[in-house]
Amino acid sequence: MLTDLLSLAMGFATLCIVLAMLCCLVRLLVGPSAQDRVLALDTLWMCAMLLILMLGMRFGSLIYFEAALLIALTGFVSTVALAKFLMRGEVIE
Amino acid sequence: MLLPVLLILPFACSVIAACMPADARNREVWLAGLVSFGSLIGVASLFPRISAGEVIRYEAAWMPAYGLDFVLRVDGLAWLFMVLVLGIGLLVVLYAHYYMSPEDPVPRFFSFLLAFMGAMLGVVMSGNLIQLAVFWELTSVTSFLLIGYWHHRADARRGARMAFTVTASGGLCLFAGVVILGRIVGSYDLDVVLAAGDQVRVHALYFPALLLIVLGALTKSAQFPFHFWLPHAMAAPTPVSAYLHSATMVKAGVFLLMRLWPVLSGTEEWTWLVAGAGVCTLMIGSFAAIFQHDIKGLLAYSTISHLGLITVLLGIGTPLAMVAAIFHTINHATFKASLFMAAGIIDHETGSRDMRILRGLGRHMPITATLAIVASGAMAGVPLLNGFLSKEMFFAETMLVGGDTNWWMSVAALAMGVFSVTYSLRFINVFFGRPQVELPREPHEPPRWMRFPVELLVLLCLIVGVLPALSIDQILYNAVYAVQGAQMPAYDLAVWHGFNVPLAMSLAALVGGALFYRLLRRRFNPDQHDHVPLIHRFSGAQAYENVMSGLSIGADFLIRLFGTTRIQPQLLCMIVAMVAMIAVLGLPSSRHLADPFANLDPLFGLLLAIGCICAVAAAWQAKYHRLAALALLGGTGIVVSVVFLWLSAPDLALTQLMVETVTTVLLLLGLRWLPPRITPKELAIEVPRSVWLRRSRDFVLAVVGGTLLAGTTYAILLRPATDTISDFFLLRALSEGGGTNAVNVLLVDFRGFDTMGEVTVLAAVALTVYALLRRFRPAPESLTQPEQQTNPVDPAITQTPGKQAWSGYLMVAGVYLRLLLPFMLMFAAYLFLRGHNLPGGGFVAGLVFAVAIILQYMLAGAIWVEGHLNLRPFRWLGLGLITACATGLGAWIFGYPFLTSHTLHLDLPVLGELHVPSAFFFDLGVFSVVVGSTMLILIALAHQSIRSHRQPGKNAEPGTQEAA
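In order, the protein sequence lines correspond to chains S and L. Under my numbering, the letters of the first sequence match residues 1 to 93, in that order. Under my numbering, the letters of the second sequence match residues 1001 to 1964, in that order.
Hints should not be assumed to be uniformly reliable.
What the hints assert, rightly or not - Just a sample of chain S residues kept apart from chain L, beta carbon distances all over 12 Å, derived:
| id | residue |
| --- | --- |
| 1 | M1 |
| 2 | L2 |
| 3 | T3 |
| 4 | D4 |
| 5 | L5 |
| 6 | L8 |
| 7 | G56 |
| 8 | L86 |
To be verified - As a list, the in silico SDA-like pairs of lysine to any residue whose alpha-carbon atoms are at most 25 Å apart:
| id | chain 1 | residue 1 | chain 2 | residue 2 |
| --- | --- | --- | --- | --- |
| 9 | L | K1803 | S | A9 |
| 10 | L | K1803 | S | S7 |
| 11 | L | K1803 | L | L1869 |
| 12 | L | K1623 | L | R1677 |
| 13 | L | K1681 | S | Q35 |
| 14 | L | K1623 | S | D42 |
It is worth saying that the hints were derived from the structure and are not from the lab. Cβ atoms here follow ideal geometry from the backbone N, Cα and C, with glycine treated the same way.
Isolated chain L, as found in the complex (with noise of 0.2 Å):
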C-alpha cells in the first residue's frame, strides 16, 4: 500500500499548496518539504526488500475488458530514481525558500513543483506502459508551467512553449510506439514487456516502435537534434532548472532508454538511433558550453553534453556500459544540481549571471567558491570526485566499442572531456581575479540554509568519489540488477584501477582542456564574441521557429481557403454533399421500388402538391417579399401537419401545429429588424449576370435537394415494414414504462437521457439567443419607427397598447383573446396529463402554454403584460432543469440507475386510483424548460422595440447608441 501513498501523496499536497494565501512562505515550505522528506523516508524503507532483489508491484484494475491494469512496480532502477527525483526535491525546495522572492506567488510555484513530482514519481514507478505514457505527458505540462512561472517575461513564455512543444510532441510519439510495442507483445506490462525481448527485435514493426520511442526519449533528454529548447528552459527560476533541468526531468529520457533497454536494445538501428544522436549531442553541447554567457546557459548546455555522454553509453548497449550510464546518471545529478544552485545563489547575491563581467567572487562568498570549485571538478572530471570514475568508465566503454581499429568514439570523447575542462574552468573563473565593483548589488554569502543542500550534494561527490565500494555500490548494483537480471557484468568500482589507457585519456583530457582554456583566453576571447563559433548557423531554435511558423502560416491558408464566417457558402457545400450522397447511394436502388403512386390517394397527393408548391414558391420570394415567402412557409407547415395526421402520427402532428405557430411569430418578431429589401425593378438597376447565375443556381439547388429529401422520404414510407427497433418500443411501453403514448414513453422513460440533454440544450440555446440580444443593436435604417405608427390620421398613434386593446381598435380582439387564455392554459394542462399514455407530453404542451402567453404580448403590448403577469422565464428554464436532473437522480436513492422510472399507484379520495410515473416529474421539467426557453426567446427579441422607442433621437449617431 505504500506505493500509491507515494504517489497520491505530491499530487494530494499540490491541490493543498495551491490553496494557501499567496504570503504563505514558511507553510508552503513545510508542506512541500514534509511531503519529500516523509516520501523519502518510505522509499529508503523499502531499500532491504529491493536489495534482496525483490521487485515491488501494487496493482488496481483499470480498465480491465481492455486487459489494462494500474501497476505500481518499483525495481533497483526505479528506486534509484525516486531517491533522486525526492532527495533532490528536498533539497531545492529548501533552496526555494531562500531563492523565491517575496513578490513572487509562491503557491503556484510550490503547487506546481509538487504536481511535477508526483508525474516523476508517476514515470519511475509506472508498470505498465500506457500509464507511463500519461505522466510522461504530465511531466512535460508540469515543466511547462514551472518554466513560465515568471509569465510577465517573454524569454519565460517562449521558452515554455518551445519546451512543451517540443517535449509534448515526443510524448506524442512514445505514446505511438509505446502502443506498438503493446501490440508486438500483446500486453502493456512492463514485466510481462521486458521478458519478451527476443519476440519484439525481430517482429517487423520493430524499427517503427523504436523509432518513435527513441523519438520520445531523446525530445525529453534534450538530446540533438532537439537539444535547443534545454538553454531556452533556462528562463524558468533557478530552483526549477536545478530540478527539472538537471536532476530529474531531463534524466526521464534516458531513464525510458533504461528501461526499456532489455527490450529495444542489442540491434544495430538501437546503435546507430541512440548512439548516434548521443554523440552528435555530447560534441555539440559540450562545445557549445564553452562560448555562453550565462552561466545557466553554460550549465545548460553541460547537461546537454552529459546526457549525451550517457545517451551514448546507452547506445554503446554493452552490460558494462550500462553499469557506467546509470553511475553518471546519478553523478551527474549530484554534481548539476548543485552546480545550478551556486549558479543561483550568485545570481542571488550578486544581481547578475553574466561571466563576462562576474570577476573575484571567490573573496566575497568564499564557501560557495569552494563547493562550486569542488563541483566544477567533478563535472570536468578531476580525480577523487565522482564524475571522474563514470567518466572514467566511459572511456574505457568507448575504446572497447570501436576495437583496435575503429577509434573515432574514443577520439570524440576525449574531445568531449577537454571540452568540459575548458568550460569548467570558464566558470570557476567567475570566483578568480580581482573583485568586480560595478555588481547590481553587493556580494556576500548567502544564508546559511540557502547554502546548505548545495554543501550536502557536493559532499556526497566527495563521498562518492572516494569512497565509491562503499557509499554508493550496493544502489547501483540494485538498478543495474534491475536491467540485465541474470547477466550482470562484473564491475569493479574503485578509484585506482592501475596505470591504464581509460586513465591516461582522463589526464589528458584535464590538460588538454586546461591548455584549450589558456589558447582560447588569449586567441579567441569567449567574453568578445556572441555567437558559438562553427556551429551558430545550426540553429535548433531557429528552425523551431521557422517551423512554428510555417505550421501557423500553412494553417491560417487553410482556413482561408477552405474556411468561412459566411453561412452561404457552408449551405451550399452542405446541401451539395446531401444531393450528390443521395444521388449516388440512393437513386441506383430506386429501381427496386414497387410503383410509387399505385396505393396513392390522388386527394392525399393533392395535398403533397400543394405544400410542394407552397415550399418552391417560398424559396423563390424568399430574397425580395419575406413576408409572401413566410406566408407560403406556414401553408407548407399546415399541410405537413396534416399529412402526419393522415399517415397517423397524431403526436407529430401535434408538435408540428405548435412549432408552426411559434416559428411564424418568430420570424415575424425578427423580420421587424431586418432592413427592407427593394427589388432591382423599384431601383431601376440592372442585375449583373453573375448573380442572376449564383441566385439561379442556389434556386435550382434548394428545389432539388428538398425534392430529393421528400422522394427519399416517400421511397422510405413505402418499404414494407420491417422488423424494427419501434416493435421493442411498443411491446414494452405500457408494460415497462407505464404509458400507452409509447412517443411520449419513449422520450421520457427509455431515451430520458437523450431528452436530458436535449432540454439542457434548448436552455443553453435560449439563454445565449438572450444573452445575444441583449447587446443586439439593430441596423440604423430599420431602428426608426414603421410608417404605420407614425401615420397622423390614425388613432391609434396616441395610444399605448394597452390601451388599445382596452378601449381602442383592438377592444373585440382583446375581450375575445383574454378570454381564451384561460381555455388555452387548460388544453394546455390537458395535454401534458394525459401525455403518457394519450397523444400529447411535455413539449407540446409547453408549446401551447407559450402561445398562449405570446398571444397576450401581441395583443397589448410588453409592458402592458409584464405590469399584469409576472412571467420569470429564467425561473420557469432553472426549475425545469431541476425537476429534470432531481427525478433522474432520485433513482440513485433506491440504488437504481439515473433516470429509472418509477410507477405510484396511489389511491386518493376523490379522484380514485392514480398512477403517477415518476416520468411525469421529468415531463413536468420538460414542459417547465420548453415554457421557459420559447418565451425567453420570444420576449428578448420583443423588448427590442421598448428598448428602441426608449432611445434618445431617432436620428442620434451610431456611437451615442453604442454608448445607450
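Here chain S stands alone, though its shape is the one from the complex (with noise of 0.2 Å):
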C-alpha cells in the first residue's frame, strides 16, 4: 500500500518537475529579455537536478544523486557565468 503510494508520488512529482521543465522551456523562448533566460536556465539546471534524484528513487541507484551532487555543486556556474557576462560584459576581467 505504501509502496504503491511512493510510486504514485514519483510519478506526480516526476510529471510536476517535467512540466515546470516546460515552463523554463517557454521562457527560454520568449524571454522576453536576455535575464528571463538566464533564469529559465538556472531553473532548467535545477529541474534536471531534481529530476535526476527522483529517476535515482524510481532505479534504486546511489549513482544518480551523485550526479544530482555534481549539479548542485557546479551547475550554477553557468549561471554565474550568463550574469557576469550580462553584468559586467565579460566573463573574466
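Make the complex out of the two chains shown on their own, each in a separate frame, by following the hints.
Shown next, in the form of C-alpha cells:
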C-alpha cells in the first residue's frame, strides 16, 4: 500500500518537474529579456537535478544522487558566467 | 656478411660526413675516399668467387608475411657495376677535393655523394624487385640534392627539379611495373623472376609491365623523349656530373634493362620500345652535341647519344649485342668520366666553359690537353682506344639486325659515328689555335692530384683499347654470363679482326666526321648559332615546362572549383552528404522497425521534446541573438545529460554535465570579442531575397540533419540487444582490467592507446589555441570596454575585480564561491579516485577541477587569481603527458607490451588493503592533461581582456596596436 503510494507520488513529482521544465522552456523561448532567459536556464538546471533525484529513487541507484550532487555543486556556474556577462560585459575581467 | 656492410657503410658515413664542421675539407675527403677505397677492396676480393660463376646472396627477413625478404645479390653484372660505382666514386672524391672552392660547404657535398653511392650500390645489389625500386628512387632523391647543391643558383634549382620530376616519375612507373611483374611471377625475388622469362612473355599483362619498366629505365638513362633533363642537370658541380650523369646514375637505366633482359627481352614489343627509343636518342643526342657551346653541354648530349647506343644494343636483343652493350657501358664510363673531369679542370683553371672563347689551351696545359684528346679519341672511336672496340661491335650488330635488305639501322649507326667524330673534334678544338688572351683567369696546369683521376682513366682507356683480351675479358665474361647464363655467345675481343664491313664503317665514320666538321666550319659555323638546327623546335624542356605549368594551372583551377577557405560551404557539403546518406541508407530499412512509440514513457518523450525545441530554437536565434542561442543550447545540454541518466549511462551524464558548463563559459568568453550583430529591423533595411532564401535553406538543412541524426540514434536504441563487443568488455573489465567500471577500464586499459592519442591531441589543441590567441587582436569595434563597465553611476567602475569580490557588490558571491572551492576540489578527487570502479574517472574529475578554478577567475578577475594562486597550465599539460607515457613505458621494463596494465595490492597501515592498478597512474595523466588544457584555453581567452585594457588609447590606430 505504502509502496503504491510512493510510486504514485514519484510519478506525480516527475510529472510536475517535467511540466516545470516545460515552463522554463517557454521562458527560454520568449524571454523577453536576457535576464529572463538566464533565470530560466538556472531553473532548468535545478529541475534537472530534481528529476535526477526522482530517477534515482525510481531506479534505486545511488549513482544518481552523485549526479545530482554534481549539478548542485557546479550547475550554477553557467548561471554565474551568464550573469557576469550581462552585468559586466565580460566573464573574466 | 660482406654485402650488408658494403651497403650500409656509405649511408653510415654519409651521416658522419654531414655532422662534420663546414671547413673540414681534408677530413671529408679522407672519409669518403677511405669508404670508397675500402669497399672497392672488399668488392675486389669477391672477384674469384664471381669468376667461378657463383651468385653471392645475403638474405634477411623483411616482411615475411608478404613473402618479401631483404635480399642482396651479387653476380657478374652487379659486380661490374659495383666496381664502376666505387672506383669512379673514389676518383671523383679525389678530384672534388681540388675542384670544390673553399666557400662551398663540403660536408653537405660529401654527405650527399656518399648517400648516392650507397643508393646506387643498393640498386645494383638488390635481389628483390621492390627493394630495387626503393633504392632507385633514392638515387633520384640524392641526384636531386646534388644537382641542386649550389641552391643559390636558379639554373641549379630548375635543373634539379626537372631531373627529379622526370626520374622520380619514371621511378614510380618502374615501381608499378615491378609490382605487375611480381604478380605475374608470384615472387619478387630476382632469381625467381629471372627464371620465369617464358611465363612472363606470354602473360596478358606482359605489355603493361614492360611499358612501365621501360619507362623507368628510359627516364633514368635520359633516353628520348625524356633526354632533356640531362643537359639541365649540368648545373651540378662537375664532379657530380662526372660521377652521376656520365658514369653511374644514368647507367642505372641500362643496368635495369640488362638485369631484366632474360625476362623481358626477345619479343617484338621489347625491340620496338627499347631499340626505337635508343635510335631516336642516339641521333638526336649526337646531332645536338655538335652545336653546343658549353663543354659540359656537349658532353651531356654526347652521353645521351652513347646511352642511346647502349639502349639500341639492348633492344636488338641478340646475345652478342648484349656483350657489346655491357662492354660499351664500361668504356663509356671510363672515357666520359675523364672527359667531364677534364672539362672541370678547364673550367676551374680558365673560369669559362664556353667553346666560343676557349682557344689554344694546349699551350698552357699540355698534359691535360693530351689526356683530353686521347679520351675524345676514345669517344669518337679512334682505333687502339676502348671506344673503338665497342663501337665496332655496335656497327656489326646493326648490320646483323637489318639483314641484307633493311639498312636503316646501319645508316643511323653510321650517322651517329660521323656526328660523334664531329663533336669530338669540336671539343678538342679548344686546345688548338692561338691562345686566347681575354680569359677570366690565366690558364695553367691543375694541381698534380687533380689531374691524377683523369690520367688513370685515360690509361685504362688505352689498356683496354690495346690489350682487350688481357685486361677486360674476364670481367666482361662474368657480366655477360650473369645475364645470359648457359647460352653464352662466342665472341672475340681483339683489336684486329681482319678487314671487314664494321671496320670500314668505323673508318668511314672517322673520315666522314672530319669532313663534316670542316664543312660545318666553312658553311655553318656552330659558334655563331644559338640553336641546334632542325631540331631546336622540338624542345623536350619546353614541353616539360608546358606540362608543369599546365598541371599547376589545372591544380589551381580545381582548388578554386572545389576548395574554399570559408567554413559555411564546407559545413553545407558535410551536412548535405550526411542527410543524403541517412536518407538513402537508413530510410528504406526503417520500415522494419517496430512501433517506435510503443514503449515510450510519455514523460521521457516530453523531456526529449524540450531538448529538441531548445536545439531548433538555438539554430533559429544563432544569427542575431547569440546570448539567447547560448542559453537555449544550455537547455539542450541539460536535457541530453538527463536523457543519458534516464537510459542508465551515468559516466556519460557526468561528463556531459561538465562539458556543458565548460562550453558555456568558453563560448561566453569568445562572445565578448565578437562584434555585435544588429538585426535588419533595427537598421531599417530590407533583407535581400537571396539572403533570406539562403538562410532559410541553412535553417531547414540544420533542422532536417539534426532530426535525421536523432532519429537514427533513436532507431538504434530501439533495436533488440545483440551480441556486440560490449559484452566482451563487461565480462573482462574486472578480471583483466582490475576495475568494475567498464567504461573507465575501457578508456584507460583496454583502449589505453587510443586515450593516449586523444590526450596528446587535446594537449596539442590547447597549445595551438594558446599560440593563436597570443597574437590575436580583436576587431576594432569590440575593442572598447563594454558599456556596463563605463556607466558612471555604477560604483563598481572604480573598483578592481578583486576588490569587488572582497567588499563590493560581489561580496556575497565571493564568500560563497571561495568557500565552495575546496569542496569542489575534493569532489574532483573523489570522482577521480573511485573512477576505476564506479562512474567517474580522470576526464570528468579534470573538468570539475578546472571549473572550480575558472569559477575563481570569474569571481575576482584574472589578475587577482594569478596573484594568489600559482597555476601553471603548461606544467599540468606536460606532467600529464609524461605520466601517461611513463605508465605505458613502465610495462616495457617488465617485458610486456606498451600500456599493459598491472594491479598492485598494497597493505597499508591505516587504510587497510588497497589495490592500485597501473591504469590509475595513466588516469592521473589524463586528469592532469584535461585540467591543463581546459585552463590553458579558458585563461588564454580571458587574458584578452587584460591585454586590451593595457592598450594605450581606446581609439588608437590599428597599426599601433599591431606593434604593441
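Against the structure, the hints:
With a cut of 12 Å on Cβ distances, M1(S) stays outside the contact zone with chain L, its closest approach being about 24 Å. Listed as outside the interface, L2(S) is consistent with that label: its C-beta sits roughly 23 Å from the nearest C-beta of chain L, beyond the 12 Å cut-off. No beta-carbon of chain L comes within 12 Å of the beta-carbon of T3(S); the shortest separation is about 19 Å. Listed as a non-interface residue, D4(S) keeps its Cβ farther than 12 Å from every Cβ of chain L; the least gap is roughly 19 Å.
With a cut of 12 Å on Cβ distances, L5(S) stays outside the contact zone with chain L, its closest approach being about 19 Å. Its beta-carbon lying about 14 Å from the closest one in chain L, L8(S) satisfies the requirement of being farther than 12 Å from that chain. At the 12 Å boundary, the C-beta of G56(S) falls inside the reach of chain L, the nearest C-beta of that chain being 9 Å off. Once the 12 Å rule is applied to beta carbons, L86(S) is inconsistent with being away from chain L; the minimum gap is 8 Å.
Straight-line distance between C-alpha atoms of K1803(L) and A9(S) comes to about 48 Å, which puts the hinted pair past the 25 Å bound. This hinted pair does not check out: K1803(L) and S7(S) have alpha carbons roughly 51 Å apart, beyond 25 Å. Only pairs whose Cα atoms come within 25 Å are accepted, and K1803(L) paired with L1869(L) is accepted, the gap being roughly 16 Å. Taking the CA atoms of K1623(L) and R1677(L), the gap is about 8 Å. The hint holds against a cut of 25 Å.
A hinted pair counts as satisfied when its Cα atoms are at most 25 Å apart, and K1681(L) with Q35(S) qualifies at roughly 22 Å. With a C-alpha separation of about 23 Å, the suggested pairing of K1623(L) with D42(S) holds against the 25 Å cut-off.
Checked against the numbered hints given earlier, the structure breaks hints 7, 8, 9, 10 and satisfies all the rest.
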